[in-house]
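Protein sequences appear in the order of chains A and B.
Heads up: the first sequence is residues 0 to 255, going by numbering that gives the first Met the number 0.
Heads up: the second sequence is residues 0 to 314, going by numbering that gives the first Met the number 0.
A hint or two may mislead.
[What the hints assert, rightly or not] Covered stretches of chain A, as calculated for chain B (at least 3 residues, CB under 8 Å): (1) 8-17; (2) 73-79; (3) 86-97.
Bear in mind the hints are in silico, worked out from the structure with no lab data behind them.
Positions of the beta carbon are idealized from the N, C-alpha and C atoms, including for glycine.
Below, each chain spelled out in residue letters.
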Amino acid sequence: MTRPLIEARDISKRFGALQALADVDLDIREGEVLALVGDNGAGKSTLVKILSGAHAPSGGDLVMDGKPVEFASPQDSAAAGIATIFQELALSENLSIAENVFLGRELTQRVLGIPFLRHKAMKRRVGELLKELDAHISDPEVPVGSLSGGQRQAVAISRALNLNARLVIMDEPTAALAVAETRKVLQLIRNLADSGRAVILVSHNMHDVFEVGDRIAVFRRGRKIADKMRTETTPEEIVSFITGAHPDVRALEMQS
Amino acid sequence: MTELKSYTLAILASLWVVVVAGLAILQPSALDVSTVTTILQFSTILGLVSLGQGVVILCGGAGIDLSVGGIASLTSVVAMQAAEAGMPLPLLPVICIVVGAGLGTFNGLLVTRLGLLPLIATLGTFYVYSGAAVATTGGAVLSGVPSYFIVWGRGVVSGLPLPFLTLTLPLFLLTAILLRFTAWGRWIYALGFNERSARLVGIPVDRVRLIAYGASGAFAGSAALVGLAWLGSARPNIGQNLELTSLTAALLGGIGIMGGRGGVIGILAAVLLLVTLQTGLLQLNVNSIWQVGIIGALLIIVLLADNLRFIRRST
Ligand SMILES: Nc1ncnc2c1ncn2[C@@H]1O[C@H](COP(=O)(O)OP(=O)(O)OP(=O)(O)O)[C@@H](O)[C@H]1O
Ligand SMILES: [Mg+2]
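With the sequences and hints as input, model every part of the structure.
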């Protein structure tokens, strides 16, 4: 097998007395959709935030392309080619779609050192991205505050696509979506992986996970307790891992 | 946002017409070019300070600068004391802006580094700055502003005061352009409205806020310069009441108190309205206590109108 794009080794994260993640090892591969599942509070979003530079790990290492990396900020992570769509979406509702897609990385032209916006170029690019997503949004100038949940998701995904990322992370992207919009997002996830990108999908929906995931990692109380290829497992088995009913989990939790 | 601004501007403009019409009926003699000049002269200082106030509020995080008047007072005193101590007089503009920016940056550090609530931090520095201005002078006026500055400070070109034309108006236009057409402007609107998401996309939130407080101080320092050049002397109470009047102007001008909403041209319109109203009430010999009350009522009415619009739109 080829070398993983990113290896997380022994990652832990504490929030005060709370151990949100404990000794997590995880390989993230290009061309693969990795689904992260687990109960509420299992630590999925925390791992996502460590990969995206929003949190620093309390322990452990991240290795990218075989070299250790440290992400001190979301910008570091983005610069390394990781685009994250956070559970909270991180959009500014008072700004337009185009402004959100480019926020923090605007196309500018410097005049006397002042970064003037290249409005038309950004608008054009966002128009292309939205079309590619088949998002049914005609005007990139509309404020994000007036969009529906699915449309906001499309804006957040456009943001990630625009980074031309090697790893795209989506934290519960379909949680707020109707059936048709969910289908579209799943198709998009598949396309991203097929184009050679690594994709992490966090989801509570077993149907989505089994439809689009190539590999499934299960989290429970901050630990990774299973990591299986989709072809080698079933939804029933994954659910039993999540709830703790699986014999392996019982054995593990008896020890500690 | 543009929609909001045009709405605010329309309200302010119609209120202004009402005020002027009222004045025309009650005191026709007041409608005169000299009244326009007087209004713009008083708008010059208030405008500069309100601009800074508005930018600080726009940056969110419960941002507010109650020390603007204190900065204006202390800056003008420090500048004249430096001149007395031998600083070359042509450097007065430089020292005003540097001292103002320094005092404002101190506010910014209290807020961004020490995490103090802006209301409390700038209330504290308001007392420190305005107290220091009175203490170091014993309340006395410091004279000695060179005549070439006074020529500028009192100069009028076709009815328009020079400081308004050469300082206040250009700074408003410049700020409006920076907010509207640059990446920095987009960052300010983003972080003012939703700090968390701004941090997630990598906007340097604390640095932008620090600069906003520094800029507010620099604007207050330039207001001190206008005061020096206009009055010909440094008065330790030049900034009195500016904190609340500038806050009123910013809110009246459509800046959302929660940040990330509004534009600075609205602030300029609000300053002109406020000063016109004050001047008109003065001409009509209305008791100054009533003047304050009327301005307060105006603020509440405009904010109510703004709220109603939101309620209507969201239902
Ligand atoms: N910033 C924080 N400060 C303190 N505790 C936190 C913070 N972020 C997360 N936690 C805690 O860490 C644990 C793991 O949270 P996390 O958000 O990673 O869960 P999750 O698996 O994403 O859950 P969900 O499915 O509900 O999104 C939870 O107990 C949560 O309360
Ligand atoms: Mg989560």
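Legend entry - Hints violated by the structure (numbers, ascending): 1
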